[in-house]
Amino acid sequence: MNISLDWIKDFVDLPEGLSDRELSERITLGVCEVEGYERTGVMPGKVTVAAVRAVAPHPDADKLHLATVDIGGGNEATVVCGAPNCRAGIKVPYAFLGTSFPGGFTLEKKKIRGIVSEGMLCSEQELGLSDNHEGLLELASDAPVGVKLSEVLDGAVDDLVLDIDNKSLTHRPDLWGHYGMAREFAAVFEKPFKDKFDTSWTNNLKARIDKSGAKPPVTIHVDKDSANRGFLGLSVDGVSIGESPEWMRKRLIVAGMRPINSIVDISNYVMLETGIPNHIFDRSTIEGGKIVVRRAGDEQTFVTLDEQERKLIPSDTLVCDAGNPSAIAGIMGGLKSSVADDTSGIMIEVANWTDAEIRRTSTRLGLRTDASQRYEKSLDSRQLEKTVLRIFELVLELNPEATAVGGIQSDNMPDPVELAIETSPARIAAVLGEDVGEKRLTGILEALGFIVKSIPGAVTGTDGKGKTHLIHVPTWRSTKDIECEADIVEEIGRIIGYDSITPVSPAHDIEALRLSSAKIMTRKAQDYMVLRGRALEVMTYPLVGEALLKKASWPIHNEGLVLANALTSEHDRMRPSLVPSLLEATANNRKEHDIFRIFEVGRSYVDLGGENFSRDLHQIGVVFQETKTNPFAELADTMEGLLSYLGLPSRMVPADPLKGNSLIPAAWAGSHPHEMVDIQVMGRSRGVILTLHPQVGRAFKIKGRTALAVLDLTEVITAGVKDKTVFKPLDRFPGSDFDITVVTPAETYAVEVSAVVKGMKMKELRSVGILDVFDLGEEGKALTLHIEFRNPEKTLDAAFIKEAEDKVITVLDKAGFPLRS
Amino acid sequence: MIEKLKSLETSFKKVLKETDTEAKLADLKARFLGKKGELSAILKSLAQASPEERKTLGQAANEMKIRLTGKMDEAKGAIERTIIDSKLAADWIDITLTGSQRARSVKESGLHPVTIVQRELEDIFLSMGFDILDGPHIENDFYNFTALNIPETHPARDMQDTFWFKDMKHLLRTHTSTIQIRGMEEKKYPPFKFVAPGKVFRSEATDASHEAVFHQMEGMLIGRDITVAHLIYFEKTLLSEIFKRDVEIRLRPGFFPFVEPGFELDIQCLICGGKGCKVCKQTGWVELLPCGMTHPNVLRHGGIDPEEYNGFAFGLGLDRLVMMRYGINDIRLLHSGSIDFSRQFATC
Ligand SMILES: [Zn+2]
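Order-wise, the sequence lines are chains A and B.
So the first sequence is numbered by the numbering used here: it starts at 302 and just counts up by one.
So the second sequence is numbered by the numbering used here: it starts at 284 and just counts up by one.
Careful: at least some of the hints might be erroneous.
What the hints assert, rightly or not - Capping the alpha-carbon separation at 16 Å, the derived lysine to aspartate or glutamate pairs in EDC-like fashion look like this:
id, chain 1, residue 1, chain 2, residue 2
1, A, Lys820, B, Glu403
2, B, Lys449, A, Asp908
3, A, Lys820, B, Glu391
4, B, Lys452, A, Glu912
5, A, Lys637, A, Glu610
6, B, Lys564, A, Asp466
7, A, Lys820, B, Asp406
8, B, Lys564, A, Glu336
9, A, Lys892, B, Asp623
10, A, Lys781, B, Glu435
11, B, Lys564, A, Glu339
What the hints assert, rightly or not - One side of the interface only, derived from the structure: several residues of chain A facing chain B at Cβ under 10 Å:
id, residue
12, Pro358
13, Leu470
14, Ser501
15, Arg661
16, Glu792
17, Met875
18, Asn889
The hints are simulated quantities; they were obtained by calculation from the structure and are not laboratory data.
In this text the structure is predicted, and so the values were computed from the model without any measurement.
A virtual CB, placed ideally from N, CA and C, is assigned to each residue, including glycine.
Please take these sequences and the hints and turn them into a complete structure.
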C-alpha cells in the first residue's frame, strides 16, 4: 500500500529536518515495514523557473540544440536540449546539477556529444507530473525567473510516497487508510494528532443531514444471520458527475489508483483516507427503493463488474435491491453498480463484513479486491459513520447545491464490544526490561487512542505484579489486534523503539546438558557412513507420487496419507519407504556416474488409519552402486560395522524374499531371489540388505549392480544405548591356531559351517572364522576355517591340541562337511 | 713400529673407500684385522720390543683396532642400505596419485550441507544450555495451529499455505513451532530452553528460492521474569557466534500469533556494513529471523502458567543460512539427492 506523506500531513505536523530515509526507518521500527520510498515531486529548491534566451544548433548532433537560459540572479546557463519545442522566449523548468528525479536518477555533470550541459530543461514526464514527454513543459509567460517550480505549478507538489508491505499490516485493520496511519506518525514523532473528524465536525455534518427531514428514498434491511457487521446508507440529491479536482486526482494516483470521475474518485479517496471501503449507488438503479442484505441461498451465479460470471454458494452474502443482487458483499459489485454520467440521485453505502467470511469467499472466487483485503482484516464498525460523513462532506464540496434526503439509514447495527485491559507500568517494565515511567506510558497510549485510568485503591504490591491501571482499548484496535496485556507491552515497546532497550543477559542456571541419545546416534550413524561407509549423504523428498511407487513395484501406496491439496501428482503423499526415493536418486545419479555410494538419514511414514493416523519412522537408507562387481558384500560389511559402532546388538539372517521382512513387502519385485538379509536388532527385524532385482533396476534405467539397505532406528534411537563393554585381561599364555578345509554343497552358507564348530561348546575354543572359500565346481565348494584354541591359565600341550583338532574334524564330518582330502 | 701402525691405518682407509659389497668387506676384515692379518703381524713383532714400548704400542694398536672396527661397521650398514634401497626401487609407486587426483573418485564421501550447518548450530545452542528436540512431520491441527494461538479463521490456515491430508484434521507441519508446544509438554517445569531443527512443509510453487520442503530451527526459552532486553542480548550473542563476528541487530514490530510482542529481527548487512547495497536493498539491514515474547495463550496450551513464567521464542531459516554460507543459488538442490551437489561439501 502506498502512503502519501502530503496526505499524512493533513492530520499531523511532522518534525522538520528528517531525511526520507530516517522517516521511513522510524516507521519501519515503530509501526510497519516500509519496503521503499519515492519522491513524486522534485527535490525542493533544485528545480526553478528559467527563461530561454537563445537557441543554437549543436555542432555535432542534428537533433540537439544548445539553449542559453536565464536562471535568475543574473546567471545564465548553457544547456544541451533535444526537445522540439525548445525556442527563445519560452519559460521552462530548469534542473540544477545534483537534482534527484522521481524516476530515481540524479543529474550529474557530463558531456553530451562533446559539450557539457550545465543542468537540464525538463518535460512533464521527467518531473513525474504526467506521461507527456513530447517536449519541454512550457510555463506561464509571467512566471518569475529563478523561483521554485513548486511555487508556480500546482501539480508539482513535493511528496514522499512510502511503499508499505501489506503483510506487515495483517493484524492492523486501522492502518489501511491515511487517517489511521497518521495517528501512528503522531505517536512515533511525538506530535499532536489533528483529528479532522472530531465531534464538532461530526455534529456540523449531521446537522446538514437532519435538516432534510424527508422520507428516505431507500430503506435498508439486513438479515441478522448474514455476514454483515453494520450497514449505513445515505441518499443525496443534486449531484452532478464530472472530473474530480486536481488535488484529489493527484493523491489517488500517488496511492496507485486511477482517477475515473468525481463520484468514483470520492469513494476511492475516502477508502484510502478512513480505510473503510464503500460504494456510491446511482439511486435509479436500486429497484423498489430498498436494499436487502442476505445470504445467497438459491442464487447460483452473479456477474461482477469485471464481466466475469461468478459461482456462488448458499452461504455467500449478497447486497440486493427489491429484485436482484447488486454486489457480492465486501468483494465486488455487479454490472449495474457503476454510476452513469447523468446520475443526480445517489446513495452512499458504507458497510462492514465478517473478516473470515469475506476471506473465505474471496479466496474461493480467486477475487481479491481493495475492499476485500480490507474487510478480511476485521474492520471497526464504529468507523462507518465517519466514513459516510466524509463522503457526504466531499460530495458537498464538489456539489455545493447537493442535499441529503432522509437521515442515515441502518438496520440491525451490532453494538461494538468494549475492551479494557488491566495492567500496571511495573508489569509492562517487567516484560520490556525497560521502565518508561507512568507519564510516558500514559502519553504513548493516549496518543494511540487508548484511555488510561488508574484503578482506585489498587497497588503494585511487593511482588510488583499488582494491576493498578485500566486501559480502555479504542474500537479500531480491539476488533482483532489488541486482546491482552502483552499487546499493551508491544504498544509501548514499539513506540519507544526496541533500540532504546539495553540488552541484558538472562540469569544463568547451572545445568549439565548433552545431546540427546537420538541426536548422538544419528550423528554417529552419519559419521560412520561417511568415514567407513565412504558414502555421500543426500536428501530426497519425503513426498512421493503413485507413479514412482508403481515404477518401484512398491505395493504400499499410503492411500491414507494422500494430501488434499498436493502441488503435483509427483509429490502427493507421504512415502511408505525410503526405497523408492533412493532408487529414483540412484537412477538420476546413474546418468552421470557409474560407481557411487549414497545414504540418507530420513523418514518414511506409516498409514495407521483411525485416531492415530500416522507414524514417522526414523530410518537410514543406503545404496551402493557398482558396474561389474557385486556390491552386496561390502554393503553388508558396512551395515554390520555401523550397528556395532552404534552399540546395537544385531544379527544378520538370510531372508526369504517371498516372505519379505519388516521393511520389504513380501515378494517385492525389487528383491533379488537369493541376496537378501534380515537385520535383527535387539531381537527384532529392523533392517534389510538386498541386491536390487535387475528387472526393477531396468524400470529405473539403473545399469550395473545395485545393493541397498534400510535400517529402522525409530525405537532404538530414543531408548539410547548403554556401553556394556567389559575389559578382559590380556592373554598371558600362547594359543594355538588351526586351519581346516572342508567340502560343502555349493549353496551352504559359510556361517552354518562355522556354527557347527561354535556349537561344540569347548571352553578352549576362542574363535572360529572363515578364511577362504574356493569353488570346486560340481563337487560344491571348499571352505577353510581358521580356529583358535586358547587356555587363559596355561600353555596348551601338544596332546590337547591334537585331540581338539580331531574332535573338530569329526563334528564337521558328522554334520556333512567332510575334510577335504 | 708406530710408523707401521700409521701406514696400516692409511692403507686400510684407502681400501675401505673401494669396499662396496659384503664380499669385499669380508676381505678387508681378513686382510687387516683377521688372525693372519696385518695388525696381528705387527702385534706379533711387539714381542721383541721393550716393556715401555710394548705398553705404548699395545695401547695404540688397541685404539686403532677399535677405530677400524667402527669404520667397518659403518661401511657394513651403508652397504646393507644400498642393497635394500635397490630392492625398494623396484617397488616404486607414484606417491602423488591420491584419491583426489584420480579421474573417477569413486568413494568420495561427506555430509550434506544442511547437516553440516545444522550440527554447527546445534553445538552453539548446546553450549548455551539449549536442549535439542525433535517432533513428527505429520501433525494435527492442535500442535500446528490452535495451540500456537492461530485461530480457525487465521489466513495461515489457508489451503494455499498448508498441506492438509484428506481428513482435513491432519497436516504437514508448516513450521517447527509445533515443538514449542511439544517441548513445553515434555519439559513441564521451567526454567528450560530448547531448539528443534527439522523439515517443514509449505504448499508453495517451487523455484530457485522457494521450496515446498525446507528446514527450520525453532528455539524457545522459558523462565521467570524474562524480558525483551534478555531476548535482544541472547539473539546478539547467538548471531555473533553463528556469523563468527560481532553483529548489530535491531528489532521491529512483526506479527506472529504465537508471540506478543512479536518482532522481525534484522542484522546489519554483513556485505556493506550498513551503508546500503544491493543485498540489503540499500537499507543497511537484512531480515533474518522472526522472534518474540511467547504469547500467554501459547504458554497455557503448553501447560505453563503465564502469571508465573514467561519467555521468548524464535525461528531460524536453516536452508537460508546454508545457502548464504556456501553461496548455493537454488534451494531445490538441497533435496535433489544429487551426488554432484553433495560431493562439494567437506568431502573425504
Ligand atoms: Zn548491504
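Verification of the hints:
{"no.": "1", "hint": "A/Lys820 - B/Glu403", "verdict": "13 Å, holds"}
{"no.": "2", "hint": "B/Lys449 - A/Asp908", "verdict": "13 Å, holds"}
{"no.": "3", "hint": "A/Lys820 - B/Glu391", "verdict": "24 Å, violated"}
{"no.": "4", "hint": "B/Lys452 - A/Glu912", "verdict": "10 Å, holds"}
{"no.": "5", "hint": "A/Lys637 - A/Glu610", "verdict": "14 Å, holds"}
{"no.": "6", "hint": "B/Lys564 - A/Asp466", "verdict": "14 Å, holds"}
{"no.": "7", "hint": "A/Lys820 - B/Asp406", "verdict": "11 Å, holds"}
{"no.": "8", "hint": "B/Lys564 - A/Glu336", "verdict": "9 Å, holds"}
{"no.": "9", "hint": "A/Lys892 - B/Asp623", "verdict": "11 Å, holds"}
{"no.": "10", "hint": "A/Lys781 - B/Glu435", "verdict": "13 Å, holds"}
{"no.": "11", "hint": "B/Lys564 - A/Glu339", "verdict": "14 Å, holds"}
{"no.": "12", "hint": "Pro358", "verdict": "41 Å, violated"}
{"no.": "13", "hint": "Leu470", "verdict": "9 Å, holds"}
{"no.": "14", "hint": "Ser501", "verdict": "34 Å, violated"}
{"no.": "15", "hint": "Arg661", "verdict": "8 Å, holds"}
{"no.": "16", "hint": "Glu792", "verdict": "9 Å, holds"}
{"no.": "17", "hint": "Met875", "verdict": "7 Å, holds"}
{"no.": "18", "hint": "Asn889", "verdict": "6 Å, holds"}
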